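Number of protein chains: 2
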Amino acid sequence: MKEKLTIVKVGGKIVENDAALDRLIRDFSQIPGYKVLIHGGGRTATDVAAQLGVETKMVGGRRITDAEMLRVVTMVYAGLVNKNVVAQLEAAGVCALGLTGADMDVIRSHRRPAGEVDYGFVGDVDRVDGERLAQLIHGGIVPVMVPLTHDGKGCMLNTNADTIAGETAKALAGFFDVTLIYCFEFAGVLGDPQDEGSVIPRIDRPFFDKLVEEGIVSGGMIPKLENCLAAVEAGVGRIIITRADLLNADLEHGAGTVIA
Amino acid sequence: MKEKLTIVKVGGKIVENDAALDRLIRDFSQIPGYKVLIHGGGRTATDVAAQLGVETKMVGGRRITDAEMLRVVTMVYAGLVNKNVVAQLEAAGVCALGLTGADMDVIRSHRRPAGEVDYGFVGDVDRVDGERLAQLIHGGIVPVMVPLTHDGKGCMLNTNADTIAGETAKALAGFFDVTLIYCFEFAGVLGDPQDEGSVIPRIDRPFFDKLVEEGIVSGGMIPKLENCLAAVEAGVGRIIITRADLLNADLEHGAGTVIA
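Chains as they are written, first to last, in our numbering: chain A, 1 to 260; chain B, 1001 to 1260.
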């Protein structure tokens, strides 16, 4: 019987707002047992870039990371935002360790080849060193990871935080019974986008196919859920989609969508 | 017989210059056995601060760290400069882990009380967790530390890099036979400030007293050497003052000043 590990991914919105961060620190520090936090920091990056005169270019909701923007996200994610989160977690009694993929080579990626769009210094993950992370976690350390990886040749690469969360969960599934919690703006996957109370409690592969067929799940939610189902099929115990302020609610029984 | 550990402290000048950094990475990666790197990043911090419209205030050569400057040094030291160094070391085959004092609570400090000068968010070190660092180092990890600590209450603090190097060396002296190398602009302590060839090969307490008495050592060099002697008296094996490009020279036999 593997020990439990909880991986929580929160977006920039949470860690960049003092009140929301306070709440996250309190809730996250109360999660029992082994855990990992993965956070973004995109708004601060956009703000700092603007102050530095670096233009933020987005294509289809994704950031184009040129050399100047890579400097900005490296500063903001790994420095400003991460160290604030780490210091707050330490104050709450959590033994937190800030990590990029370059640190101890925990996440190696390669630069995405330019296709129709050249995203610049953006990395697609090749492998996560689950063994190294598991060692740290077993040693009582809580990794606090930012969406940056490296190519093994000295270059940092900007990497999607949801992807980092999913790949890390898969790599750690060999060592722990992993629950991956994606915090987003709703309490879960909604059956009716107009009704926040219509959270679907549980989705498995057959039910997902039905939801897509019926058009209840559509657009960007399809690849998101596809990735979740693939992670579960790769050994992750369960994935929960919920709101950050529900982290300590009864997530498996109504306070979020469980994908398993 | 304790195993050997080499701690190298380099200033911003080295890690902020591409050619000097390349050389440092090559030389540092060739140091055999356990090691730690401590680096600054002050010039980049000053540059980024200027770009962000944050004024750099110095009193007696020391930076005043107001709230805005604390954001800048946190971004630059822990983010931009550290992750570049870590990624380069990884490319050279070193298992590097970037650390501030907040990470795993490795260096706790308190904000320096305002005296004649209020240095702002500057920390004086209370304790270094040598046991945690020794565990990492025995696990094959090379800590790459930046001059930032935390107060244990959620606040990061800017902290002198020489002090971090000295305190870390003392904390690790219980676990290893420690050699601490301070890289600076000359090949060692000079007997004649006009003659770069006049490196004093070895200084102990009685010889230091004589050098001070004769006026050969004066000014800012006196507290620097006092700190070195105190570290040696606290168990650090030896401290070597040299130039970064001499790291792989025969430091104990003429290519630097050994304080022991």
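Just so you know, the hints here were simulated from the structure itself, not pulled from any lab data. This one's a predicted model, so the numbers in the text were calculated from it and none came from an experiment. Note that beta-carbon positions come from the ideal geometry of N, C-alpha and C, so glycine has one too. A portion of the hints provided could be inaccurate.
Partner residues are not named here, just some residues of chain B that face chain A (Cβ under 7 Å, in silico) [to be verified]: (1) Q1051; (2) L1052; (3) V1054; (4) E1055; (5) L1070; (6) T1074; (7) M1075; (8) A1078; (9) A1087; (10) A1102; (11) D1103; (12) D1105; (13) K1153; (14) G1154; (15) M1156; (16) N1160.
Hints, one by one, checked against the model:
{"no.": "1", "hint": "Q1051", "in the structure": "holds, 5 Å"}
{"no.": "2", "hint": "L1052", "in the structure": "holds, 5 Å"}
{"no.": "3", "hint": "V1054", "in the structure": "violated, 10 Å"}
{"no.": "4", "hint": "E1055", "in the structure": "violated, 14 Å"}
{"no.": "5", "hint": "L1070", "in the structure": "violated, 10 Å"}
{"no.": "6", "hint": "T1074", "in the structure": "holds, 5 Å"}
{"no.": "7", "hint": "M1075", "in the structure": "holds, 4 Å"}
{"no.": "8", "hint": "A1078", "in the structure": "holds, 4 Å"}
{"no.": "9", "hint": "A1087", "in the structure": "holds, 4 Å"}
{"no.": "10", "hint": "A1102", "in the structure": "holds, 4 Å"}
{"no.": "11", "hint": "D1103", "in the structure": "holds, 5 Å"}
{"no.": "12", "hint": "D1105", "in the structure": "holds, 5 Å"}
{"no.": "13", "hint": "K1153", "in the structure": "holds, 5 Å"}
{"no.": "14", "hint": "G1154", "in the structure": "holds, 4 Å"}
{"no.": "15", "hint": "M1156", "in the structure": "holds, 5 Å"}
{"no.": "16", "hint": "N1160", "in the structure": "violated, 18 Å"}
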